[in-house]
Amino acid sequence: MTTILQRVRKENCSHLKLSFNSAVKYLNRKLIFSYAFIGQTKAERELEASLYSMEILDRASPELWPENFPGMSEFTNKITQSKSIKLPYSRELTQDDQNYMHQLASLPTTELISRVKQLHDIAYQLGVEETKEITRGKYLNLFNKRRPKS
Numbered sequence: 001m002t003t004i005l006q007r008v009r010k011e012n013c014s015h016l017k018l019s020f021n022s023a024v025k026y027l028n029r030k031l032i033f034s035y036a037f038i039g040q041t042k043a044e045r046e047l048e049a050s051l052y053s054m055e056i057l058d059r060a061s062p063e064l065w066p067e068n069f070p071g072m073s074e075f076t077n078k079i080t081q082s083k084s085i086k087l088p089y090s091r092e093l094t095q096d097d098q099n100y101m102h103q104l105a106s107l108p109t110t111e112l113i114s115r116v117k118q119l120h121d122i123a124y125q126l127g128v129e130e131t132k133e134i135t136r137g138k139y140l141n142l143f144n145k146r147r148p149k150s
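Here the sequence shown is numbered in UniProt numbering, starting from 1 and rising by one per residue.
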């Protein structure tokens with residue numbers, strides 16, 4: 001069994017100017033590709049071999065990873081800003097909203113936690129009631145009836 005270094009020398013990977021680890025990766029890929037050709041016709045092997053890329057992208061290179069086009073980020077920012085959609089929670093706060101926020105901010109931690117628990121309980125009860133109504137609607141076949149076209 002040959003060592004990896006002997007395989008590198010035998011394959012003559014020196015023209016690729018690779019580090020030892022990169023040469024090992026290159027040879028492993030080559031070995032995997034050779035196993036992939038078993039049971040294929042010659043035309044299929046040639047076609048598949050022409051599609052493989054032996055390019056190694058594990059290094060930082062200005063040739064492989066060029067900088068973005070100058071001004072591209074500003075251009076994309078202009079496009080995204082012009083098509084922004086206003087969501088309901090991004091609206092301006094009313095005076096009542098601000099007062100409620102100040103009221104919550106002035107609460108001690110224990111009272112704030114109790115308020116959050118109350119909201120959680122209310123949300124849970126609402127979910128239970130909604131489940132009951134949906135079940136009632138199923139029993140009354142409200143969801144299976146087709147509505148007349150208007």
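Errors might be hidden in some of the hints.
Said to hold, decoys possible - Ranges between beta-carbon positions, derived for each pair:
#, residue 1, residue 2, range
1, 127, 104, 44 to 54 Å
2, 89, 50, 45 to 55 Å
3, 118, 142, 31 to 41 Å
4, 137, 90, 30 to 40 Å
5, 131, 79, 38 to 48 Å
6, 44, 142, 51 to 61 Å
7, 97, 118, 43 to 53 Å
8, 88, 110, 50 to 60 Å
9, 143, 108, 28 to 38 Å
10, 127, 98, 54 to 64 Å
11, 90, 49, 50 to 60 Å
12, 87, 123, 36 to 46 Å
Because the hints were derived from the structure by calculation, they are not lab data. These numbers come from a predicted model, not from an experiment. From the three backbone atoms N, C-alpha and C, an ideal C-beta is built for every residue, glycine too.
Worksheet item: Among all the numbered hints in the text so far, which are the ones the structure does not match?
Response: When the structure is compared with the hints, numbers 1, 7, 8, 9, 10, 12 turn out to be violated.
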